[in-house]
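There are 2 protein chains.
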Amino acid sequence: MNNREVIISTRLRLARNLKNYPFPCRMTPEQAQQVAKKVKEAVLDGGSVLANRFKYIDMAELTQEQAVSLVEKHLISPEFISEAPGRGLLLLDDETVSIMINEEDHIRLQVIMDGLDLNKAYDIANKLDTMLDETLSLAFNDKLGYLTQCPTNLGTGMRASVMMHLPALQEAHAMGRIAENLSKLGLTLRGTYGEGSEPKCAMYQLSNQVTLGISEQTAIDNLKNIALQLSSQEKSSRESLVQNIKTRDAISRSFGILRYARLISNDESMRLLSNLRLGAAEGVIKKIPLEEIDKLIRETQPATLMSNAGKRLTPAERDSARAEMISKALSKYAV
Amino acid sequence: MNNREVIISTRLRLARNLKNYPFPCRMTPEQAQQVAKKVKEAVLDGGSVLANRFKYIDMAELTQEQAVSLVEKHLISPEFISEAPGRGLLLLDDETVSIMINEEDHIRLQVIMDGLDLNKAYDIANKLDTMLDETLSLAFNDKLGYLTQCPTNLGTGMRASVMMHLPALQEAHAMGRIAENLSKLGLTLRGTYGEGSEPKCAMYQLSNQVTLGISEQTAIDNLKNIALQLSSQEKSSRESLVQNIKTRDAISRSFGILRYARLISNDESMRLLSNLRLGAAEGVIKKIPLEEIDKLIRETQPATLMSNAGKRLTPAERDSARAEMISKALSKYAV
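The listed protein sequences correspond, in order, to chains C and Y. 1 is the number of the first residue of the first sequence in the working numbering; add one for each residue after it. 1 is the number of the first residue of the second sequence in the working numbering; add one for each residue after it.
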């Protein structure tokens with residue numbers, strides 16, 4: 001049980017820098033190329049069991065759609081797309097591990113796991129970190145810990161986050177209050193997939209903020225406990241919400257529209273897929289695997305749609321391709 | 001071929017009065033009862049082959065829902081519901097013939113046929129009229145024809161109308177202009193099922209206005225020709241409309257919502273059933289018999305829903321019963 005009903009995924013990121021190079025913002029293009037080469041070799045030839053499952057992507061060679069698609073899938077940061085020399089990405093074949101080279105720090109290593117799985121994510125990140133540490137000279141200070149460009153990352157250099165689906169709490173307009181309380185505990189809660197305090201798909205990212213003076217395990221345990229607490233708050237809110245005939249109507253209609261629409265915008269599909277996820281998780285509609293709904297949410301984002309189509313699409317073409325993908329995926333669950 | 005794609009039904013009405021009684025608005029209650037008795041006996045004992053298929057309904061004995069349901073099904077006029085002595089309805093078992101006794105005139109005989117079938121409707125009405133004429137003394141004047149309370153019905157006492165589904169012409173905002181042109185030809189076009197110049201379900205009634213100085217056959221031929229002309233205008237408008245991906249999307253979504261909604265208002269279901277009818281008629285969606293869609297439009301009207309449920313329903317209960325009826329009916333057409 002990894003709380004899939006509420007928790008979509010776990011992400012854990014480590015920020016690391018090489019000792020003998022300035023931070024990326026101050027490097028010459030030559031230094032950037034050298035760092036990229038060193039990190040790439042450390043991973044691909046470093047003897048990790050994962051080594052031959054990584055592929056190296058030179059960011060300069062991607063189309064705009066391919067690059068933005070990586071952002072939509074949370075594999076890179078939006079800032080990583082901008083023109084800068086020596087930017088490369090090491091991506092594991094199943095996309096659970098991504099290593100940005102020369103983003104804000106020389107190395108930004110990220111692990112994504114389905115559901116709530118902070119320990120496993122940390123375990124994988126830690127093994128790769130150990131390997132990097134053995135091959136490269138990482139910037140480390142006994143007092144400050146790992147050195148990072150931004151002081152907020154000093155120490156563990158770790159940031160862990162959990163993506164949560166909180167439709168019932170959002171419906172109750174509880175998000176502002178909850179986010180405020182969490183910030184007092186050193187945690188950040190913010191909407192994802194789109195701006196605004198109440199995102200269309202009711203997806204939120206809960207992340208730790210403190211990296212200094214706290215061990216990785218403590219940070220992880222802390223985040224995990226809060227995530228579980230928030231998850232049970234959401235679950236109990238859902239209980240009364242899904243008893244409401246209007247909610248059941250909205251969920252069932254969402255299935256009908258998603259199954260039969262021939263054009264659908266990203267905003268609308270996010271809103272309806274969120275309803276569908278709630279309904280599938282709480283048994284209001286026929287069981288649809290949550291993984292399948294989460295995959296639809298990821299794959300119907302504009303750039304990912306275009307990247308998979310292998311070409312630029314007009315907004316109308318995207319709406320049509322999105323509707324077709326969703327309709328096809330849901331056809332086997334029609335009753 | 002009776003133009004079912006565009007023409008829902010044909011209605012033909014004859015107004016007749018008994019010679020030795022004042023018009024209903026001036027009758028005493030006793031006279032009203034006598035007229036009701038005479039007409040009832042003339043039909044039930046008059047030797048018509050249909051005689052034993054008629055049932056007599058005393059309007060005073062109906063619940064409000066049962067009475068309004070008859071209006072929704074176009075079997076009686078709304079005015080016929082109001083309290084007045086001696087009002088009775090003779091209704092054929094399949095509801096194709098209804099005879100209002102003591103409405104505006106002593107006898108209002110109506111025949112409804114599916115699709116465009118004015119000649120058959122007239123044939124049935126005419127046979128019943130002949131039978132009434134043989135049994136009762138009808139008010140007739142050699143110069144004016146049949147005498148009716150309202151001078152606009154003098155002459156043939158006949159009013160024929162055709163109910164048409166005109167979503168493409170309505171979408172093109174052509175209804176105002178068309179209605180204006182038709183009125184110059186002595187025909188009336190007006191929306192049905194709800195008020196407003198553009199009814200939710202795009203259903204319109206085309207009817208003749210002239211009863212004096214024109215034979216029944218001429219009036220029928222005239223109406224039929226205009227209905228066929230309007231029908232082909234609608235058909236050619238549909239051709240381009242259904243090529244539009246937005247129309248196809250709206251039609252397909254309408255199916256999805258109707259199939260899966262658990263609450264649906266009458267306004268929304270009218271709008272969506274109209275889309276569905278267009279899509280089914282033009283092959284945009286899987287073939288659904290138009291008769292079935294027309295039946296849903298009739299049976300999901302508020303009072304008919306309650307009349308069939310056998311009790312008063314709150315608006316929320318109606319929305320739920322309506323959604324359930326539609327969802328069930330459409331389940332066998334889901335793809």
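Rather than coming from a laboratory, the hints here were simulated on the basis of the structure. Careful, some of the hints might be misleading.
Remember, identical chains collapse to one label, so a pair may be satisfied in a single copy or spanning two.
Said to hold, decoys possible - The calculated BS3-like cross-link candidates involving lysine-lysine, where the alpha carbons are at most 27 Å apart (straight line), are:
| no. | residue 1 | residue 2 |
| --- | --- | --- |
| 1 | 38 | 55 |
| 2 | 246 | 311 |
| 3 | 37 | 19 |
| 4 | 55 | 332 |
| 5 | 246 | 224 |
| 6 | 40 | 73 |
| 7 | 235 | 37 |
| 8 | 38 | 184 |
| 9 | 332 | 246 |
| 10 | 311 | 235 |
| 11 | 120 | 55 |
| 12 | 224 | 295 |
| 13 | 286 | 224 |
| 14 | 200 | 332 |
| 15 | 311 | 143 |
| 16 | 37 | 143 |
> Which hints from the list above does the structure break, by number from lowest to highest?
Replying inline: Violated hints: 4, 5, 7, 8, 10, 13, 15 and 16; rest satisfied.
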